[in-house]
Amino acid sequence: AQKITQTQPGMFVQEKEAVTLDCTYDTSDPSYGLFWYKQPSSGEMIFLIYQGSYDQQNATEGRYSLNFQKARKSANLVISASQLGDSAMYFCAMSPTGANSKLTFGKGITLSVRP
Amino acid sequence: GAVVSQHPSRVICKSGTSVKIECRSLDFQATTMFWYRQFPKQSLMLMATSNEGSKATYEQGVEKDKFLINHASLTLSTLTVTSAHPEDSSFYICSASTGDGGYTFGSGTRLTVV
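Heads up: the protein sequence lines correspond to chains V and C, in order.
Quick note on numbering: the first sequence equals residues 871 to 985 in our numbering.
Quick note on numbering: the second sequence equals residues 292 to 405 in our numbering.
Keep in mind the hints are simulated off the structure, nothing from the lab.
Ideal placement from N, C-alpha and C gives every residue a C-beta, glycine not left out.
All clues given are correct.
Computed list of chain C residues with no C-beta within reach of chain V, every gap over 10 Å:
1) Val-310
2) Glu-378
3) Thr-403
With a straight-line Cα cutoff of 35 Å, these simulated DSBU-like cross-link-like pairs (lysine-lysine) come out:
4) Lys-940/V - Lys-332/C
5) Lys-311/C - Lys-977/V
6) Lys-972/V - Lys-332/C
Could you build the full structure based on these sequences and the hints that come with them?
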């Protein structure tokens, strides 16, 4: 079984500053993928970044980077230069490697960017 | 990229009626579709996994007779909420595996049962 834990309460960040959203996970699968999604108030799920469990380098996608610490089982999302449009709910998720595997979500973190 | 079109985006129905939600993969073949339910400010809870041409696999606690899932083709999966009641009001969202380890989501359906 897989478990994703996101324990931070609502997060606030000043515009243009960086923010880290925490995520820890637990799994017995030897190979897995970690995902971060953004969900604005409209409800759509926007894919942000992916990290494979065997990837040597931390994933980066524009202003998003994933601080992957395998031994600690953590996959924190770092958003640099926050923008007002970053205000949303953020979900960490994971799935075993392999086509058509189930995606398990954490409970999410609400991020508010202050002008 | 892979796109899943979900309709309707919003629906209001009367208690006791049934509502069908469709998810279509527009530019790829979705052999597997996942259906989630989400309450306000909460996480996505997996309801069921549907595979083209076979019966859906429901998660524990999900009533299969209430939430009928059909995946008759590689591009269409439907969720029918039968005899809907106010407690079924929620946000329903589908997701398809893109086959390369990624997932693409529909835009979601807000169901309100009055």
